[in-house]
Amino acid sequence: MKLLSVFFSGAVLALAATTSAWAAQPLLTPAELNALHQQASVRVIDIRPAEAYAAGHIPGAVSAPYAQWRGPANNPGQLPPVDRLTQLVQALGVDQGVHAVVVSSGADSSDFGASARVYWTLKYLGLTDLSVLNGGLKAWADAGLAQDQATPTVAASAFQAQLNENILATTDQVAAQVGNPQTRLVDARPLDFYLGKVKAPTAQVPGTIQGAVNVENGRWFQPGTSIFVSSDQARQIAAELLPGEQAAETISFCNTGHWAATDWFALSEVVGVKNVRLYPESLAEWSQDSSRPMSNVPSRGSQILDQVKGLFG
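Here our numbering is used: the first residue of the sequence shown is 20, the next is one more, and so on.
Careful, some of the hints might be misleading.
What the hints assert, rightly or not - Below, in silico cross-link-like pairs of lysine-lysine (DSBU-like), each with a Cα-Cα straight-line distance of 35 Å or less:
(1) K293 with K157
(2) K157 with K216
(3) K293 with K216
Don't read these hints as lab results, they were simulated from the structure.
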């Protein structure tokens, strides 16, 4: 019996190690993706505009421009209806057991937010085998790897969404957590937005959600690139920008849920912080109701003066 127990324990450990080796990593280098992308169980999703995809892409990649994953112009962070997202995932041939790798242009660190947002959306829909190509297509091209212009034909999947509500924060949920010392609100925008010095067109007023701390989305990248830092460096950045005890819950937001997706990805997927949520609509929705508490809001006179300055350049 003892010998059988030892054998069984060894088999379990071996299986666990194999499963771990197969688990999709949140970030893939071009070399890592190059070794995987021709496998039938891997689907590369190119989220660049259709014309960029047509000019050249990773062989076998399917096209799903970022705009398809976004909401209306006045609230682009809003999730499209789940049935529409389900149809999109089905058309891409993605289902449970398929390793989906999201590829953006890699133009700059802000561009990474697009791939992080699509990754988050796929995870919200219930998929788990997910990765982002670190550095996007630019990194792939810089590595001298092959591209083509062929449009692959893929069979539609039977995917059905199983929503992961644990990574989503609604407006009501955010409002309920304002002032809660156990919840950390993280503003992913550049500092001038956080301080209320500038405002996105989609926001009603400048400023930030009351009690939020600023973690600029660009901090997670090698300077001047869209290449994400190592996991060790990411943990150091998190410790620097979010000192003290880890909150019971973290909610990331920005203007439209784009930059916030980068902070969510960094904290949840790379650093490994537990209970990180994304507020998709962010300030585009939050700021529309004046009763919702905000900080760093300039006086009305200052806002009018800024508008006049804007009119005259």
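Do the hints match the structure? See the list:
A C-alpha spacing of about 31 Å is found between K293 and K157, which places the hinted pair at or below 35 Å, so the restraint holds. Pair hint K157 plus K216 holds up; C-alpha atoms about 33 Å apart against a cutoff of 35 Å. Using a Cα cut-off of 35 Å, the hinted pair K293 and K216 holds, with the two alpha carbons roughly 32 Å apart.
Every hint from the earlier list agrees with this structure, and none is contradicted.
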